[in-house]
Amino acid sequence: MSDPQKNDLQKNEAQMNKPSAKKSVKWGEAPKMSILDALYLPAIASGLATAVRHAVSGKATTRQYPEVEPEIPPNYRGVHRLNRDEAGRVKCVACYMCQTACPANCIEIIAAPAPKDDPHWKDRDKFPATFTIDELRCIYCGMCEEACPVDAIELTSIYDLTGMTREEMIFDKEKLLSVFDETVKSGHDPVRTNRGNLGPAAELSPTAKDAPPPPGRGKSG
Amino acid sequence: MINSLFEFWPVLWPALAAIGVILAVVPFLGLYMTFVERKIAAYVQDRVGPNRVGPFGLFQAIADGIKIFLKEQLIPDHVFTALYFLAPAFSLITAMFALVVMPFGPVATDYKDGFRFVVAPGIDIGILMMLAISSLSAYGIIIGGWASNNKYSIYGAIRSCAQFISYEIPLGLSILGVIAITGSLNIEKIVEAQSGSLLDWNVFWQPVAMLVFFTAALAETNRLPFDLPECEQELVGGFHTEYSGIKFVLYFLAEYTHIVTVSFLTALLFLGGWHFPGLPGPSGASTPILLLGLGVLLAKVALVVLVIILLRWSLPRFRFDQLMGLAWKGLIPLGLINLVGVAIVLSLGLPKHLLVATVILPVLAAYYSAAKFNASMATTEARRQGLSPQGAVSYE
Ligand code: SF4
Ligand code: SF4
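Residue numbers (our numbering), protein chains in the order written: chain A, 27 to 247; chain B, 41 to 436.
This is chain A alone, in the form it adopts within the complex (with noise of 0.2 Å):
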């Protein structure tokens, strides 16, 4: 008469009566099937008319992308730029901090001082004589923007990056001073991040905040 198995049953039994054991268990049930649901049609007509009701609302939501371009907000992060400073001289002071937080070790800079006899740089001590990214193997995390002490390097709201060849794709230092001046003139990424505050490279900055929507991205579709 003592089979194990129904010892082990009552003392299971003991311990789901406990009322701790009781709340923890949850017995689902299957729903009913009903004769609409096994006849099927019900459900084929209202698939049907769930299909014909998105067909004729001609709420279609794609973007017709060449011509309407998406808004980019303005702290997005796109292909990179070297900033200038006031004198037109490259921010950057080759502190290789950039390249150092960079996860994908896109960044390569050779450092150099400063020409001192030149007037235009003597209250500078180190340029970095070549500055060189890989748009290709970089994963635009941003770190980068964020590590510069000097707010040199910033990622832009350029998204439509193409090239024909590798090669072209690694920005060297005049092609990334160049990105600087080209988004500058045309007004559309105001040098972003803020001296001092630390913060995810995403958050908006108030200058960002405050600028106008990039020219010519605005027109939503």
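Simulated from the structure, these hints should not be mistaken for lab results. It cannot be assumed that every hint is accurate.
[As the list claims (entries may be wrong)] Between beta-carbon pairs, the in silico distance windows are:
id : chain 1 : residue 1 : chain 2 : residue 2 : range
1  : A       : Gly-189   : B       : Pro-116   : 45 to 55 Å
2  : B       : Arg-87    : A       : Asp-207   : 32 to 42 Å
3  : A       : Pro-57    : B       : Ile-59    : 53 to 63 Å
4  : A       : Val-82    : B       : Leu-331   : 27 to 37 Å
5  : A       : Thr-188   : B       : Arg-87    : 16 to 26 Å
We put the CB at the ideal spot given by N, CA and C, even for glycine.
Using the hints provided, position chain B with the ligands relative to the given structure of chain A.
Frame of chain A, contents of chain B with the ligands only:
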């Protein structure tokens, strides 16, 4: 030889002309049905669909056609070459061949010489031939799957084989009632029997038959929800995994030709064909009347095609056992009982509209299957309760 050719010329040229029409229109129709399908799919999914090539993207179909014709001829190393080439051609040939007896416009039962909207008018085994030939198209798929020599293709082919065999039966059964009452396998005669008032259309006294026919025919076209032979998620592309370029197009055209055939058959057999209340029949009719009849038929066909396309975007795919179950446990019994009903009505000489009562059949079947399902769930539930330690279950 030449003399006899001249002798037969009056009989020959209408057939040749009709063949020309079919050969010219069907590939074009296939191309444009893909376009229509893409557009409808897009609208159903709140998109715009192809709209770049030409106004409203109308030339997209042509661009697709050109692209696919210019594609590289790719022959995988491991295929059985001869069969590999034969299969798609076979598929399309059988699909087109079935159109021989199908009237694509009003054809009088007492047809005369001259152009008429069918290649071979007055074939007394018309519908039988159509079914026989369109079921041959299973070979195109099976040979293709076999020749591809890879496991996904052969799985697809095997599935389609089982599917074709299963759904042939309800397909045949469902038209038997119509044939029995009309007393003819001749398609024109079947349509002629539906002239007169709206209530003479076969759908109004054989609704269940139409339902069974449409479902089975949809399964024969291998389209969603019955596209088990080529379902992407399980079988890559099924039987056409190894096919590309023009060989793929042949399969593709075959599939769309099947859709056209099925839609025409539905319209002809159940929806009154070219008849519409108030429109005179084609016998001895003038050209405008004939064209009007053509328009009526094409409108009905377009409606069926639209339903087929919309169904694709409304229904999920069947599981394979459900697919088989639907044919063997659902459609075949329904078709059989419907046929018995027709037999009773015929032998007792009752009015055929009594057969509308057959709509009770699917309802009864649904009642039965729902009750069975609930009972089985109740047993499972009871067993679980019996096994549960405290004996009774608290629902919270
Ligand atoms: S965005 Fe990220 S990955 Fe790209 S360069 Fe800057 S730190 Fe490196
Ligand atoms: S861009 Fe900024 S972080 Fe990078 S080296 Fe120059 S100053 Fe340093």
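Quick rundown of the hints versus the structure:
For A/Gly-189 paired with B/Pro-116, a C-beta distance near 35 Å fails the hint of 45 to 55 Å. A C-beta distance of roughly 39 Å is found between B/Arg-87 and A/Asp-207, which places it inside the suggested range of 32 to 42 Å. Distance hint for A/Pro-57 and B/Ile-59: a CB-CB separation of about 56 Å, consistent with the stated range 53 to 63 Å. A beta carbon spacing of about 30 Å between A/Val-82 and B/Leu-331 agrees with the range 27 to 37 Å that was offered as a hint.
A/Thr-188 and B/Arg-87 have their C-beta atoms about 25 Å apart, which keeps the hinted 16 to 26 Å range intact.
Against the hints set out earlier in the document, a violation occurs for number 1 only.
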